[in-house]
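Please take these sequences and the hints and turn them into a complete structure.
Here is what each chain is made of, one letter per residue.
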Amino acid sequence: MPAYDSMSLISDKQCIIIDIGYKYTKFGFSGESNPRCIIPTETISSDTGKYKIVFNYKDTDELYTNLVDFIHMLFFKYALVHPKEKRVVIVESLLSPSVIRNTLASVLFDHFEVTSIIFLPSHVISLYTLGINTGLVVDVGFQEAIVIPIYEGIPVLKAWQALPLGSKAVELALRDRIQNKIKLITEKGEEVMNSFCLFDTIVEDIKVKSCFVTTLERAKLLANGKIPKLQPPAFRYRIDGSTVIDIESIDRELPFETLFEQDNDQMSLSTMILDSILKCSIDMRKQLAENIVLLGGTVMTKGFKARLKEELLSLIKQPKYSDKLFINVFKFHNPPAKENYVAWLGGSICGATDMISMKSLTRDTYCEMNNNTIPDWCSLTNRSDSVIQKILQL
Amino acid sequence: MAHLSQQDVLIACSCGSLRPLIKLYFCRHCIVLRCGYCVSQEVDSIYCSNCLENLASSEAKLKKNRCGACFDCPCCFHTLTIRATTISRINPPVDGSPTPSKTSVKNYYLSCFFCRWTSRDAKIPDKLTATSSNWPEHENTYTARISSLIEYFKIITLRERLEKENRMFLHSSRRGYQHFSEKFGLTAMLARKRAGLPPLSLGRDDTSTLPHIAPSIASEHVEPLPDDVFTEAIDIVKLTSLPQRFGIPDLQPELISNLFPIHKQLFIKRSQRCRSCLHNIFKPEYGPASIKFKLHLAAYYYVPEIRLMEKIKLKRRQYTHLMLKISNPAQISTQIQFLQFEDVTDIVQNNEVFNFEEKKDDSIDTKSITNLAPIQKKTYPLEKSRRITFKTNGKINLPDVIISLPARDDTAEYDEANDSDMYQDNPSVIVWRKGNKVIVKFSVIPNNDVEDNEDIKIGFIMRYSYHGKIISPLEQKGNKDIRLLDIKIFISIRVCISPTELLTSGNYQIRTYLGKLMS
Ligand SMILES: [Zn+2]
Ligand SMILES: [Zn+2]
Ligand SMILES: [Zn+2]
Ligand SMILES: [Zn+2]
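Protein sequence lines correspond, in order, to chains A and B. Take the position in the first sequence, starting the count at 1, then add 694; the result is the number in this note's numbering. Take the position in the second sequence, starting the count at 1, then add 19; the result is the number in this note's numbering.
What the hints contain is simulated information worked out from the structure, not anything from laboratory work. Be careful, since some hints might not be right.
[What the hints assert, rightly or not] With a cut-off of at most 25 Å between alpha-carbon atoms, the simulated DSS-like pairs for lysine-lysine come out as follows: (1) A:Lys778 <-> B:Lys83; (2) A:Lys752 <-> B:Lys403; (3) B:Lys80 <-> A:Lys707; (4) A:Lys771 <-> B:Lys313; (5) A:Lys771 <-> B:Lys311; (6) B:Lys334 <-> B:Lys476; (7) A:Lys1032 <-> B:Lys83; (8) A:Lys707 <-> B:Lys183; (9) A:Lys980 <-> A:Lys1003; (10) B:Lys410 <-> A:Lys752; (11) A:Lys717 <-> A:Lys862.
Rendered as C-alpha cells:
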C-alpha cells in the first residue's frame, strides 16, 4: 500500500506528464491545457555524441541509456526542474511492452531519483478530456493502431484490436511511390534521374504537407485502376537547391489507402473498429458506436474522419457485419485538444487530482520491491498488467 | 583544441561510462572519477539566453519557462529582433496653412534575420514603442473547459480517497466481513457495477452534491475532406512543417501565415554533485553572463593525461610501436606505472559489472557519510553501474617501469635545459622527456581475427600516485596522504591494417616524432 499521508503535503506541486510515443513525445506539467513541447523521441547520446532514436535498441542496457539521455533532456532543457523531488505521470498504451515500462521506472527511480511514478493507460485517460467514461477509443499512432473499448471507466480488454497501421505504414507506401522520382538539376538546367535514399524526415514532410485521405467513392475508382475526373494538383518538392521530386496527384492520394485497404485477413482500420465492437457484449455495442474517440497524429490528416465514417457505414451493410451488428449510427467526439496530445491532456487532468498521491508508486515502495517489476496497482485499472499479460499470451 | 575532444583515448569512469578525460570529474572526497552520467544534477539558475535576465524559479514557473521579453521565430526558431521603420504620414492641412504638414512616426515590428519572417507576415500590427512587451498573447481556447474538468475530477478523486480511507478503517474493525466479500470477488467496484451504478459515483446518497459537468456530446458530423484539395495548387513555402506546427502545440497551424512569435525558452545553469558523498563537484557562477565556475573538479586537473601521438600502421601478427605522451597536470609530482587488466585482481574485466562502492576508501567514506547522514533522511541503493562496452581486439605490451613525472610548472615550458639527465630513464622506453611530460614507447599487436580496416582497440590500467591534500610548500615534509589510483584506459587506434603494408621501423617513427616536436 503506498504511503500517501506524507504525500498530501506536496500534492499542490505540479507533476511532470510524459507521453513517450514511438515517434514523438508529448511533455508538460499537470493541470495545463496543452503540452509544453511535442518533440521527436530522439536524443543525442552522451557517450558518442550521435543522434539516436530512443526506441531503436539492441538490449535493455541500450534502452536504459537512451532513456537516461532523453529524459535528462526533458528535465533540463524543457522542464527546468531538478527531477529529484518531482512526481512523474507516464502516459502509456495498455499494450506497451513491460520491458519499456520496467526500464522507464528504473531510469526514473534509480537514475533521476524521482519521488513517485504513476503509469496511466492512454486509452482510459483520454476519456477524462471529454468528461465521459464510456467510449470506443481508437489510437492511430506511428507504429500501430490500437482500438480498446472503455466501458464505465474500465477497459474491455478482451475486445482490443491492434494492427501495424500507423503513419509508419503510410510513409512506407509514400516512399515506395516517390523513391524513384528524384531528379537532379544540373548546372545546364537539365534534369537527370537520381536515386539516393530519402531521409525519413523528407518523406514525413511530404506526407504532412500534401497527402490526404481520399473519399470512399474515389478510393474505389482508384482501386480499380480508374482515374477520377478531378485530380489533386501535382507539384514539385525541393529537397535542396538542385534536387527535386515531382509529386504526382496519385502520390498525394494513395499512400493513406494503406490504412483502409483490407489485407489478406480482410483487416483494415475500419474492420478493427467493428470487430472490437463485436467482441463486446450486446448491450454495450450501440453506446460504443455512438462514442468513438479518435487519438493520435495520423487521425489529424485531412479527410481521415470523414473517410472512416464512410467506411464504417459501408462495412456495416456487408453480410460479415450486418447479421451480427445492428448499428446504423456512428458518432465521434471532439476533444478539447489536438488529437496528437489528447492522451497527454488526460494525463494532465489526472495529474492535477489526488489520484497521483493515492495510486502512484513511490520510490520507497519501488526500492523495497525485490524484482523491480512494476506491480499492477499503480496502473489506473488496478489490474491491468496481469490481465494484459494473459491476453497477450492468447 | 581539436585534441581535447578526441575520442581516441577513453577513460572508464567509476560508473562504467567511457569518456574522454576532459569530460570527467574527480570527486576529491571519494577519490573516484565521476562523469555527467553518475553525478546528480541540479538547476542552479534560470536565465534567458538572449537578454540574459536571471529569473527566480517561481517566476520562471509562472512564465512557463519562457522569457517575457524575447521571442523566437516560429519558422526557423532563431531569435527575433525588433526592427523600426519610419512611416511618414501626411496630415490634412490645418487652419488654413497652405501646405499639408508631414509627420514621421516610428513603427516597430519583429523580424527574423535568418529566414526573413516578420511579425507582419502574421498580420500582427506594428507597435509604436520599442519596448518588447505588449505583443499580442495567445491563450488556449479550451482552458476554461479543461479547468472545469479538472475541478470535477479533483472532487471525485477526493471522495474516492475518503471512501478508501473509510474502507480501511472498516477493514481494521470488521475484518471478517471484508474477508468474506473478497473471497467472493465482490469488490466495491464490481458491486457498484452490478447494481448499475456508475463506478466513479461514490456515495450512496451524496451523488447530488457532485459538481455538474457537461459531458462531451458525440456527433455524427465529421469534418469532410475539403474540396479545395482538388483545386488549390500546393505552395510548399506557405505550408508549415511538423516542427513549426508543434511550436504552437494547441493550434498546430497548417499555414505559415497563421504562425506567431513564440516566447523564448529559458535556459539553466546546472551544478553537479557527487552522488555518494553529496559534495558539489561542479558549480558555475550565478550570473548568466559569467562563464566562470565557483568550483570545477575536472579530472583534467587530477589525472595524468594520455595522448595518442600519431596514427600508426599495424601489421598482422607483428608488434608495432605505439607512442603515448603522458603529462602530469597536478601541482605535485607523481609516479606512473602500467598494468594489464589481468594483473589487478580487484579491478574487474571488460564485460563484468563494476561496482560503485568497490574502489572507495573506507576511512574517507564513512567519515563523509556520517557527517552528512542527518541531511539524508532515507538512503536508497545507488544506481547500478554500467557495463563497459569497449571490446578490445588487440594486445598492448606495457613497459615494466615506474615513471616519475614532476609537477606541472608553466615556467618550465620556456626552459631549454634537457630534463632527461635528471632521471635515469631507459631510452628504449622513455623516448622523450620535458617538464611534466614524457613520451613512452609501447608496442601493440592486433588479434588474429581482426578484419581489415577495423580500428584496433586496446586497454590497460594506469596506476598513479595521487596526493590527496593540497600541500603547501611548508607542509611538504609533513604527513602526505598518498594513495595509488588505478585508471582504466581504453584506446582506439584508427589504422588500416593492410596485409601488404610493410611495417615501418620503430626507430624511424621515433625520429619522425622528435622531428615534429622540434618543428
Ligand atoms: Zn560516471
Ligand atoms: Zn529574454
Ligand atoms: Zn526565422
Ligand atoms: Zn564523492
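Do the hints match the structure? See the list:
1. Our distance criterion of 25 Å between C-alpha atoms is met by A:Lys778 and B:Lys83, whose separation comes to about 20 Å.
2. For the hint pairing A:Lys752 with B:Lys403, the CA-to-CA distance comes to about 19 Å; that is within 25 Å, so the pair holds.
3. Under the criterion of a C-alpha separation no larger than 25 Å, the hint pairing B:Lys80 with A:Lys707 is consistent with the structure, at around 11 Å.
4. A distance of roughly 22 Å separates the Cα atoms of A:Lys771 and B:Lys313; the hinted pair therefore holds under the 25 Å criterion.
5. For the given pair, A:Lys771 sits about 21 Å from B:Lys311 by alpha-carbon distance, which is consistent with the 25 Å threshold.
6. Of the pairs offered as hints, the one joining B:Lys334 and B:Lys476 holds, with about 14 Å between alpha carbons and a cut-off of 25 Å not exceeded.
7. For the suggested pair A:Lys1032 and B:Lys83, the alpha carbons sit about 20 Å apart, so the restraint of at most 25 Å is met.
8. Simply put, A:Lys707 and B:Lys183 have alpha-carbon atoms about 23 Å apart, close enough for the 25 Å limit, and the pair holds.
9. About 15 Å separates the Cα atoms of A:Lys980 and A:Lys1003, which keeps this hinted pair within 25 Å; it holds.
10. The suggested pairing of B:Lys410 with A:Lys752 holds, with an alpha-carbon distance near 16 Å, which does not exceed 25 Å.
11. Distance hint between A:Lys717 and A:Lys862 is fulfilled; the C-alpha atoms sit about 9 Å from each other, no more than 25 Å.
Violated hints are absent here; each numbered hint is respected by the structure.
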